[in-house]
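Peer 1: Just so you know, the protein sequences line up as chains A and B, in that order. If you're matching positions, the first sequence starts at 1 in my numbering and goes up one per residue. If you're matching positions, the second sequence starts at 1 in my numbering and goes up one per residue.
Keep in mind that the hints were calculated from the coordinates and are not lab data. What you were told as hints is all true, and nothing was included just to trick you.
Repeated chains share a single entry, so a pair holds when one copy, or any two copies, can fit it.
Here are the computed lysine to any residue pairs in the SDA-like style, where the Cα-Cα straight-line distance is at most 20 angstroms:
| id | residue 1 | residue 2 |
| --- | --- | --- |
| 1 | Lys216 | Gly245 |
| 2 | Lys111 | Arg89 |
| 3 | Lys216 | Phe246 |
| 4 | Lys129 | Arg248 |
| 5 | Lys129 | Phe246 |
Here the structure is a predicted model, which means the values were calculated and not measured.
2 protein chains.
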Amino acid sequence: MTTLAVDCMGGDHGPQVTLPACRHFLERHPEAHLLLVGAPDSLSAFQHPRATALHASEVVAMDDSVEIALRRKKDSSMRVSIQQVKDGRADAAVSAGNTGALMALARYLLKTVEGIDRPAIASPMPNAKGGATTVLDLGANVDCTEQHLLQFAVMGSALVSAMNEDEAPSVGLLNIGEEVIKGSEVIKRAGELLRAAAASGDLNFLGNVEGNDIYKGTVDIVVCDGFVGNVMLKTSEGLATMVGGFLREEFSRHPLTKLAALVAYPVLAAFKKRVDYRRYNGAALLGLRGLVFKSHGSADAFAFEHALNRAYDAARHKLLERVQARIAHARPLLVSPADDAQPLEKMLTSS
Amino acid sequence: MTTLAVDCMGGDHGPQVTLPACRHFLERHPEAHLLLVGAPDSLSAFQHPRATALHASEVVAMDDSVEIALRRKKDSSMRVSIQQVKDGRADAAVSAGNTGALMALARYLLKTVEGIDRPAIASPMPNAKGGATTVLDLGANVDCTEQHLLQFAVMGSALVSAMNEDEAPSVGLLNIGEEVIKGSEVIKRAGELLRAAAASGDLNFLGNVEGNDIYKGTVDIVVCDGFVGNVMLKTSEGLATMVGGFLREEFSRHPLTKLAALVAYPVLAAFKKRVDYRRYNGAALLGLRGLVFKSHGSADAFAFEHALNRAYDAARHKLLERVQARIAHARPLLVSPADDAQPLEKMLTSS
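The following block holds chain A by itself, in its conformation from the complex:
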């Protein structure tokens, strides 16, 4: 039996999205158990033999600061969900709430794994090969050192090997050219560390990759700092929205193009399914002593269920143990400078 703690109140839509997703998830996973965390009123209508309601009196709002989430709302559905993981009552927690608050609470309650300075956010992105490229960090850490990038590479490798049953997933370092001499000073030093980790058998590092390689599917894992990762993610969302909007506009321009849309409908639906980002929902917060997954705040039930699926798969495939084992193996390469302790207040992430 695998148990997930679900923050039913988080996200833009709360229980009206999370509960239908939970019901469908339970139907599809006969060995799953859910701890539904939220306001009693919201949860009372949900009855399922493998679901248990857990009451929480507060909700972290999408625009609450880390400060408020950490110090004021001590009985929030988000916090209670993570607490279930800490107390061993759940194998993973899932929330669509505000990223900054989720990361801060997860870090405060669960602590980081030894050898890891900073947890990172990792998410799969669709690629042209029909698979997914996992990218990290997507916004938890804005100023990264080469050591952080190495840690991200090790954690990302653990994630992909757990999810895809691939013992040596390939890693690329996001850069502005493939040549070793390219990039910022941090990136060049990170390249050296990653090559050392490849030499010691800790990583399957293939070298530098460029932005287009994410969607080409050149490597399984792309490592970057959280600033670059977040810009990449948001830019992609913006471009996809614009392109989708243009396509809709052209097909609805006048009666004849509407007729064409009708004829092309099955093709357009198949196309839409292929680029449906909802299937890639569910980012992992890596480097913590417990599993936490983040759903997009605007997720609908279909998307939220995908985040539940990812958390479920990660728990069943022992992601936590794999991250810890990989980090232990790479331990000689991972140094944690004492002056690098990052106060929680600085974890300025965006949701």
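Fit chain B to the supplied structure of chain A, relying on the hints for placement.
Peer 2: Only chain B this time, still in chain A's reference frame:
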């Protein structure tokens, strides 16, 4: 009469793309004159009353290092083209050659404008409003200070005001959240400088923007460092290629979908035209004492002609004088630390 110096040998395709583009450009612009720079054999067939052939014995290859372009190939078509601008025989130079070499040669021959430490690469990107968002820097400068970002904002404003006849184009600072407290240390300090420049009337600064704002068209100009800009650009290219490929695949899957493609053809063609990146070809190298435009290396004749158009418009709208005037006005805010001189060898750009 406005004169452009065209590096006819540059790019992946050389004269077979640049010359047809030049011919079409001359037909459309009765007041334009072209200096066609390249190998005598390649140019001999081109005859036009407003075109003059200028011979250059060497070509900078797409993978030539900056070192080779600068020190070995002193009679390259790229260098001779820029030299025409320096000598006052051309109002702007256009090349589809290797970006790193072009930037290095332009910087070496033309020098930077007073008050500017580092030239930047600026290009328009299509946006959902049907217009374009100009983004800089796209890869010339990987490690930027807040001062550089301020300089980019001033130069970008000059570019957009010259091209769009808009005296106060809006500027956004690319960040991972809209709040002032978000982002890396450099970005936060850059935000302060940009707000100061807004207060002194040097910029129409609207604040932080996120990656999706580029395609939304929230502001006219988006400022970022060259690493982030280059990743953004390459990621966009990768995503657009993947999405286009999926759409093609779905429509060519079997006879019925091919029939649907036939019916939808006019709509798909209209859509394709709207997202055709070739219409946005032609990046400006800003901050130099002369105008240089860079075409994408893989440009076809249609795309290369757009780069010629942009250089022509920039020259006619006195872009150089506008950049210099804006920089002079913002001079009190622009400090050039003496230790910031960046050796040419460090200008590691990617094409």
